[in-house]
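Start from chain A and add chain B according to the hints.
Protein sequence lines, in the order shown, are assigned to chains A and B.
So in my numbering, spot 25 of the first sequence is number 25, and the numbers just go up one at a time.
So in my numbering, spot 92 of the second sequence is number 92, and the numbers just go up one at a time.
There is no bait here: all hints are sound.
Below are the DSBU-like pairs computed for lysine-lysine, each with C-alpha atoms no more than 30 Å apart in a straight line: (1) B:Lys14 - B:Lys64; (2) A:Lys22 - A:Lys58; (3) A:Lys49 - A:Lys22; (4) B:Lys66 - B:Lys14; (5) A:Lys49 - B:Lys41; (6) A:Lys58 - B:Lys41; (7) B:Lys20 - B:Lys41; (8) A:Lys49 - A:Lys77; (9) B:Lys66 - B:Lys20; (10) A:Lys58 - A:Lys69; (11) A:Lys77 - B:Lys41; (12) A:Lys22 - B:Lys41.
To give an idea of the interface, some chain B residues facing chain A are shown, with a C-beta separation under 7 Å as derived from the structure: (13) Thr32; (14) Ser43; (15) Leu44; (16) Leu46; (17) Thr49; (18) Ile93; (19) Glu103; (20) Gln105; (21) Phe107; (22) Gly108; (23) Pro109; (24) Gly110.
None of these hints come from the bench; they were simulated from the model.
C-beta atoms are modelled at their ideal positions from N, C-alpha and C, and glycine is treated no differently.
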Amino acid sequence: AQSVAQPEDQVNVAEGNPLTVKCTYSVSGNPYLFWYVQYPNRGLQFLLKYITGDNLVKGSYGFEAEFNKSQTSFHLKKPSALVSDSALYFCAVRDIASGGYNKLIFGAGTRLAVHP
Amino acid sequence: GAVVSQHPSWVICKSGTSVKIECRSLDFQATTMFWYRQFPKQSLMLMATSNEGSKATYEQGVEKDKFLINHASLTLSTLTVTSAHPEDSSFYICSAALLGGGETQYFGPGTRLLVL
Numbered sequence: 001a002q003s004v005a006q007p008e009d010q011v012n013v014a015e016g017n018p019l020t021v022k023c024t025y026s027v028s029g030n031p032y033l034f035w036y037v038q039y040p041n042r043g044l045q046f047l048l049k050y051i052t053g054d055n056l057v058k059g060s061y062g063f064e065a066e067f068n069k070s071q072t073s074f075h076l077k078k079p080s081a082l083v084s085d086s087a088l089y090f091c092a093v094r095d096i097a098s099g100g101y102n103k104l105i106f107g108a109g110t111r112l113a114v115h116p
Numbered sequence: 001g002a003v004v005s006q007h008p009s010w011v012i013c014k015s016g017t018s019v020k021i022e023c024r025s026l027d028f029q030a031t032t033m034f035w036y037r038q039f040p041k042q043s044l045m046l047m048a049t050s051n052e053g054s055k056a057t058y059e060q061g062v063e064k065d066k067f068l069i070n071h072a073s074l075t076l077s078t079l080t081v082t083s084a085h086p087e088d089s090s091f092y093i094c095s096a097a098l099l100g101g102g103e104t105q106y107f108g109p110g111t112r113l114l115v116l
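Bound-form chain A, shown alone (with noise of 0.2 Å):
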């Protein structure tokens, strides 16, 4: 079975620092990988996928992941840190479903405090 996993359940940076916020997976086959935000009281905001090409993704507000086949890690990343950014982080990987449908399959998630 697909899986994820985000080894730190928070992680926190100086705003203006770089930051990255770790994710490994399990797949058979090539992996989907998906990283989504979550502020409080809200639904995702999708951030950035990897499906096949460069092995650095570039997604929205300035983040970045870094595909690592060898490491089995997609983890993300952002140069400078914004208080802004503040928020939970969820890693998930494409699963096929029973009914042939796409399915994510999300980790645990990582909170990320930045500080001012």
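Below, chain B alone, put in the same frame as chain A:
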């Protein structure tokens, strides 16, 4: 683009009543819509997947008679929580996948249900 709305954003109801939640894709047609449940400080759990004009596919452990899903058109899916009980209190989030777009899901803002 790719905006998904949910209505209502929050609802309080008495135990034993039924509650309907609407999910609409506002600017695109959705082949498939998904319904998730999220408990406090936890990840999203897929409840069911609905395809326009066909029966929903429920995940293991989700009662189909309890959580009725109707996908009447390519832009509207509804989730009805029947005979709600306090343990049904949760944050319900829907998402939609673009017609022909496949992998990426776009999420609604969520509906918070409190059953008294």
